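**Q** Protein chains in written order, with my numbering: chain F, 829 to 1234; chain X, 363 to 653.
Honestly, the hints are just simulated from the structure, not real lab data.
Keep in mind it's a predicted model, so treat the numbers as computed, not measured.
Heads up, the beta-carbon is just placed ideally off N, CA and C, and yes, glycines get one too.
Mixed in with the good hints, there may be bad ones.
[Unchecked claim] Computed far set for chain F versus chain X, every beta-carbon distance over 10 Å:
{"hint": "1", "residue": "Pro858"}
{"hint": "2", "residue": "Ala859"}
{"hint": "3", "residue": "Val992"}
{"hint": "4", "residue": "Asp1004"}
{"hint": "5", "residue": "Ala1109"}
[Claimed, not checked] Between beta-carbon pairs, the in silico distance windows are:
{"hint": "6", "chain 1": "F", "residue 1": "Arg986", "chain 2": "X", "residue 2": "Pro452", "range": "39 to 49 Å"}
{"hint": "7", "chain 1": "F", "residue 1": "Arg986", "chain 2": "X", "residue 2": "Asp632", "range": "36 to 46 Å"}
{"hint": "8", "chain 1": "X", "residue 1": "Glu584", "chain 2": "F", "residue 2": "Ile993", "range": "54 to 64 Å"}
{"hint": "9", "chain 1": "F", "residue 1": "Arg1096", "chain 2": "X", "residue 2": "Glu631", "range": "32 to 42 Å"}
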Amino acid sequence: MRTMPRKARAELRGRYGVYGGRYVPETLIPALEELETAFHEARRDPAFTAELEQRLRTFCGRPTPLYFARRLTEALGGARIYLKREDLLHTGAHKINNTVGQVLLAVRMGKRRIIAETGAGQHGVATAAAAAAFGLPCEVYMGVEDMERQALNVFRMRLLGARVIGVEGGSRTLKDAINEALRDWVTNVRDTFYVFGTVAGPHPYPEIVRTFQAIIGEEARRQMLDVEDRLPDCCVACVGGGSNALGLFHAFRDDPTVALVGVEAAGRGLATGEHAASLTAGSPGVLHGAYSYVLQDAGGQVLPTHSISAGLDYPGVGPEHAYMKDTGRARYVAVTDEEALEAVHLLCRTEGILPALESAHALAHLNTLAPALGPDKLVVVGLSGRGDKDVHTIAKAVGEDVGDRR
Amino acid sequence: MSRSRAAAGTGRSAARRAAAPTSTAALRDNRLVRVLGAARAAGRRVLVPYVMAGDPDPAATERLVELLVAAGADAIELGVPFSDPIADGPVNQRAGFRALAGGMTLGGALALVARIREHTGVPLVFMTYYNLLLHHGLAAFCREAVAAGLDGVITADLPPEEGDVLVAEGGAAGLATIFLLAPTSTDARIRSVAGASTGFIYCVSRTGVTGVRDEVPPELAELVGRIRAASETPVCVGFGISRPGQAREVARYADGVIVGSALVRMLEEDPEDLGRVGAFVRDLKAAVSDR
Ligand SMILES: Cc1ncc(COP(=O)(O)O)c(C=O)c1O
């Protein structure tokens, strides 16, 4: 067993180095304390663990395969590329790992109502599905701009019985949806469970979401040892709030030979200012209850962001990523909308897999990474979701008409 | 890359249990501490109106403060707008976005305070969000605030366990640090907030965000009673107090009443009708005074 006592102690108070913490209105503090206690009790309860494991297997479709992408490897001419296939999960992305865990926790805590925020709609769909499966009413906050560009997921949430509440304030995207969900939670805190979608937010959310997503890396590590009889040399994943990346990285955190690379959205290019690369181009600040890297102006106002992928279009990032950046345990890079789109086409044609635009950011980084590592090296890429939800966006980007969006 | 905890303002020990320096020498001269302390000692209730700094422009706020003082405000809260105001309802959100659109910043709000100070001695308190202070630098903010004539700061998203650096810097500079309590707060939290708060303790009337509400929650009196029993620091109640009748009711048990959204909404409806605003504040003041 590996132990990191110093870090473990810091985590008790929700700190990753100087990052993390709990910067929320007083009303929520007792609720976060209650959540923290309930979460730690649940983790120690074999009945909870067993039910979660069973749901992940029979409802979500775990374990997901680790797929050797032979033709992609050949096309890029370098390291052997394996894809961790979270795109094959129920509802189409890794988000379901976390929502099933949190809704199970909500049931255990006796909460009667589920709320969530969503950007791309994937977390909203995954929350709606989990809430339906446990018979709880669910309301999802979504920026009206995201509702427009992810209309299909809005309809999916409604089909799954959720109420989707459009958020008009601010930049009308994910950050504003989180603001509105927090306001709802402050108001209805006694009977409502807020299913937070990524490893950001106030303590204990970063720890809860990482715990439920860590299965990605646990499986991948085991699968790689099975197939190649050794650990990968590098793990790559896209970073919005950072949940699929941390889910993949966590099992490898104490394997010093495994490089960890997070890929952020460079949007129209870092130099244009129209991007969502919080770690690459931001600075430390407090947003949505945690101290971490934030895209902010000279006065500390949070900046509007841009990414072709709604799931990466967020000015903050989970505090543990901030810590891993500063300590050098992980490295963070950014790729543009255009590079991500090229990666979509490449994966479609080499492997017959349509990736989500978010995941395509991780794939795009392979263009430089795979040849640089060379053929003796092994890379695991977190394929966090499938691209069905993105076909309209992709079609629009390549100037093709695939019919009316609404 | 070295970011010391103190520099980042993310310290995490002192304020948690040990009582923070509630009374530094610098704080004894603080207008807010003196005015509210004297009112509590005399059993006099105070009225604290809230307006958004720079809504729609700084000159309007300057005129408004003069009017509020003339109408009987005992202290004034100035909102400093933040892009992501998670503790605010729609009325204050809109006011904040109007102020941001007009170019208001933390530095701009401090300059506004300095101008207001040229013609009034009324205690002035900022209500804002932590990132603005952190970004400015906590020590620099506290020093510049006091130099400009600000008396206190309420940080809507800063619980005392994350606030020890701000409390220490505020205490050293003479700036009151006001923390919030809510209906969900336990007795342990009441002690911790009471230990860190100077000037007054902000009691949130209900679970929720700022906004206009129809009635005062029945459990409020009991909550205020618990807080007043735990601390000598005056307790002011805010969030949702919108009418003189509500203000009168709350003033029966609290040291002060804060009225924000109702006033902000009135200004939104007609920024020019200062006569209406003045009459409303005079009515509130009368209600608070003859509870
Ligand atoms: C498929 C997919 N990948 C990645 C993300 C980004 O989130 P995170 O960084 O938390 O994994 C999203 C968010 O919606 C997503 O839908």
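**Q** Does alanine 1109 of chain F really sit off the interface, with its C-beta more than 10 Å from all C-beta atoms of chain X?
**A** About 15 Å separates alanine 1109 of chain F from the closest Cβ of chain X, which puts it past 10 Å; holds.
**Q** Once the closest CB in chain X is found, is it more than 10 Å from alanine 859 of chain F?
**A** Per Cβ check, alanine 859 of chain F is inside 10 Å of chain X; nearest 7 Å; violated.
**Q** Does the hinted range 39 to 49 Å hold for arginine 986 of chain F and proline 452 of chain X at CB?
**A** violated (24 Å)
**Q** Evaluate the condition: distance from the CB of valine 992 of chain F to the nearest CB of chain X exceeds 10 Å.
**A** Nearest chain X Cβ is 19 Å from valine 992 of chain F, so the label holds.
**Q** Is it correct that the beta-carbon of aspartate 1004 of chain F has no partner in chain X closer than or equal to 10 Å?
**A** violated (8 Å)
**Q** If you check the beta carbons of glutamate 584 of chain X and isoleucine 993 of chain F, does the distance land in 54 to 64 Å?
**A** Given range 54 to 64 Å: violated, Cβ gap about 33 Å.
**Q** Honestly, do arginine 1096 of chain F and glutamate 631 of chain X meet the 32 to 42 Å range at C-beta?
**A** Given a distance of about 40 Å, which is inside 32 to 42 Å, the answer is holds.
**Q** The output says proline 858 of chain F does not contact chain X. Does that hold with a beta carbon cutoff of 10 Å?
**A** violated (5 Å)
**Q** Take a look at whether the Cβ-Cβ distance between arginine 986 of chain F and aspartate 632 of chain X falls inside 36 to 46 Å.
**A** holds (40 Å)
The structure shown violates the earlier hints numbered 1, 2, 4, 6 and 8.
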